[in-house]
Amino acid sequence: GQQVMQIPQYQHVQEGEDFTTYCNSSTTLSNIQWYKQRPGGHPVFLIQLVKSGEVKKQKRLTFQFGEAKKNSSLHITATQTTDVGTYFCAGGTSYGKLTFGQGTILTVHP
Amino acid sequence: DSGVTQTPKHLITATGQRVTLRCSPRSGDLSVYWYQQSLDQGLQFLIQYYNGEERAKGNILERFSAQQFPDLHSELNLSSLELGDSALYFCASSVGQGMAFFGQGTRLTVV
Numbered sequence: 001g002q003q004v005m006q007i008p009q010y011q012h013v014q015e016g017e018d019f020t021t022y023c024n025s026s027t028t029l030s031n032i033q034w035y036k037q038r039p040g041g042h043p044v045f046l047i048q049l050v051k052s053g054e055v056k057k058q059k060r061l062t063f064q065f066g067e068a069k070k071n072s073s074l075h076i077t078a079t080q081t082t083d084v085g086t087y088f089c090a091g092g093t094s095y096g097k098l099t100f101g102q103g104t105i106l107t108v109h110p
Numbered sequence: 001d002s003g004v005t006q007t008p009k010h011l012i013t014a015t016g017q018r019v020t021l022r023c024s025p026r027s028g029d030l031s032v033y034w035y036q037q038s039l040d041q042g043l044q045f046l047i048q049y050y051n052g053e054e055r056a057k058g059n060i061l062e063r064f065s066a067q068q069f070p071d072l073h074s075e076l077n078l079s080s081l082e083l084g085d086s087a088l089y090f091c092a093s094s095v096g097q098g099m100a101f102f103g104q105g106t107r108l109t110v111v
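Same order as they appear, the protein sequences are chains A and B.
According to this note's numbering, the first sequence holds residues 1 to 110 in order.
According to this note's numbering, the second sequence holds residues 1 to 111 in order.
I should point out that these hints are in silico values taken from the structure, not numbers from a laboratory.
Here the structure is a predicted model, which means the values were calculated and not measured.
Some hints could be false.
[Claimed, not checked] Calculated pairs, DSSO-like style, for lysine-lysine (alpha carbon to alpha carbon, straight line, at most 27 Å):
id	chain 1	residue 1	chain 2	residue 2
1	A	K70	A	K57
2	B	K9	A	K36
3	B	K57	B	K9
4	B	K57	A	K70
5	A	K70	A	K51
6	A	K70	A	K36
7	A	K59	A	K70
8	A	K36	A	K59
9	B	K57	A	K36
[Stated by the list, open to error] A few chain B positions that, by computed beta-carbon distances, are all more than 10 Å from chain A:
id	residue
10	V19
11	S24
12	A87
[Unchecked claim] Some chain A residues judged to face chain B by a derived CB distance under 10 Å, without partners named:
id	residue
13	N31
14	Y35
15	L46
16	I47
Note that CB positions come from ideal geometry on N, CA and C, so glycine has one too.
In isolation and in its complexed conformation, chain A is listed as follows:
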């Protein structure tokens, strides 16, 4: 079945450093979605990418969808302590199934 792999599993950064998490799917995706889960909370939708090669920005966050629609990345510039949490990618299929990666747990040291 479809698998979505996400790396790294953990990332510790100093406040102000950049952070990137990568997502790879075993199959071509209809779309890729990114979610953030704060400690003790539930996943919250950040963004959806649909087009091959698409790049979207949200303030300090930059999201990319690969040309083959099988990989994606999330880059955070100049991390802040409010960025802590687990970042999940989720690969979407044409019939709506959402398969989540294992997530990257981000710790930001002040």
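Position chain B against the provided structure of chain A, taking the given hints into account.
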């Protein structure tokens, strides 16, 4: 507030028992997903329903079952519970392929 309601929030039960988790999706959302999240783990996809019908199945154990009712609420039934079933169970809903909105989750503890 995501608009997705899950009950109960917490559940403590003994091994071998059976429990039912309930999810009310956002108004208008036809898709309901169930995910299991163990401590510090990712979101394991269990099952998806769309407008009352099973749409996709993940690594859901045979001891687990789910359904979506005509009013679109969904229930996840977990039976013959084992210690390893202790986890956070999330329900999410969406419109088709769009963004998924997650409920607050049900924390199940099997003792």
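Enumerated hints in conflict with the structure, sorted upward: none
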